[in-house]
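There are 2 protein chains.
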Amino acid sequence: MHCHTCKSSKDDLIYESDYWIVLLHKSQGYIGRCMIDLKRHAESLSDLTKDEWEDFISLIKKLEAALKKSFMATTFNLTFMMNDAFQEKPYNPHVHWHLRARYDHDVEFEGITFKDPQFGKHYDRTYTQEISNKIRTKIIQKIKANI
Amino acid sequence: MHCHTCKSSKDDLIYESDYWIVLLHKSQGYIGRCMIDLKRHAESLSDLTKDEWEDFISLIKKLEAALKKSFMATTFNLTFMMNDAFQEKPYNPHVHWHLRARYDHDVEFEGITFKDPQFGKHYDRTYTQEISNKIRTKIIQKIKANI
Chain A
318 MHCHTCKSSK DDLIYESDYW IVLLHKSQGY IGRCMIDLKR HAESLSDLTK DEWEDFISLI
378 KKLEAALKKS FMATTFNLTF MMNDAFQEKP YNPHVHWHLR ARYDHDVEFE GITFKDPQFG
438 KHYDRTYTQE ISNKIRTKII QKIKANI
Chain B
318 MHCHTCKSSK DDLIYESDYW IVLLHKSQGY IGRCMIDLKR HAESLSDLTK DEWEDFISLI
378 KKLEAALKKS FMATTFNLTF MMNDAFQEKP YNPHVHWHLR ARYDHDVEFE GITFKDPQFG
438 KHYDRTYTQE ISNKIRTKII QKIKANI
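As given, the protein sequences belong to chains A and B, one line each in that order. Counting in the working numbering, the first sequence runs from 318 upward without gaps. Counting in the working numbering, the second sequence runs from 318 upward without gaps.
Derived from the structure by calculation, the hints contain no laboratory data. As the structure is a prediction and not an experimental result, all values here were calculated from the model. Do not rely on the hints blindly, as some may be mistaken.
[Stated by the list, open to error] Covered, in the sense of this in silico footprint (three residues per stretch, anywhere, with C-beta under 8 Å from a C-beta of chain A), are these stretches of chain B: (1) 352-363; (2) 376-388.
[Said to hold, decoys possible] Dumping the calculated DSS-like pairs for lysine-lysine here, alpha-carbon to alpha-carbon at most 27 Å: (3) A:Lys-356 / A:Lys-406; (4) A:Lys-367 / B:Lys-367; (5) A:Lys-378 / B:Lys-379; (6) A:Lys-386 / B:Lys-406; (7) B:Lys-406 / A:Lys-432.
Beta carbons: idealized from backbone N, C-alpha and C, even for Gly.
Build the full structure now, drawing on both the sequences and the hints.
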């Protein structure tokens, strides 16, 4: 069965742990937004092993610290959703998380000003910031250097 | 410093573990929606202890099973947000999670039909279902009986 997550490009790889990979999200409205994909195909949180959870917890700690160091992130929204996988049967979800850093200040990076106009409120799914592939690469490099 | 979570009413208590309490959320658009509050005041995921995480993981497993048994939940959205706590300084967030069960079918409960018109998509924060306190109590009892 087709699984988008299993087949996703690893071009935007930020970090790899024993059980998870961290990719820069295509939308960088909230600079540093990333996805955390389980390496194996598992369908729900209840399916995760103790080792996978422990690795995840350690990874979140590393990522929070790296995003604070890279862009002075103020706080984080961490979400487990997987709704897209339920648009048609047979459902085939693959465990992954979204991590959005949130900012109470503008972030100047490589000549671009990244803002968080919804700070203090729920993220806006439509909010984004157009950036070149060169800038994407630089964001990845910056986070990598701080992990 | 005032903390809304520390002072929240425990009237809607569904379950209590060593480190967390589970409360029925005021909005029941997605039937069974609940909040999972850390008992002590801690400000971020990176502050959680190993024991608190382990207890949380075990709790999520219990809740997923209970919501499947109670209302045949199809999948779950689990979110860590805390945006409200960042609306004014000094920020004073208190670690808590939101768990929304999502449904690919209508749920008939105590004469009310609970629907999930956004199934397969991001939850709608404005979507709700007006219910009486009596029904709220029955939802709590049902989940409790299945934990």
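To see whether the hints hold, each was checked on the structure:
1. 352-363: Satisfied; 3 residues make the cut.
2. 376-388: n = 4 at 8 Å, threshold three: holds.
3. A:Lys-356 / A:Lys-406: holds (23 Å)
4. A:Lys-367 / B:Lys-367: Holds, because 12 Å separates the two Cα atoms, which is no more than 27 Å.
5. A:Lys-378 / B:Lys-379: holds (25 Å)
6. A:Lys-386 / B:Lys-406: holds (21 Å)
7. B:Lys-406 / A:Lys-432: It holds: about 19 Å lies between the C-alpha atoms, which stays within 27 Å.
Violation of the numbered hints given earlier is absent; every hint is satisfied by the structure.
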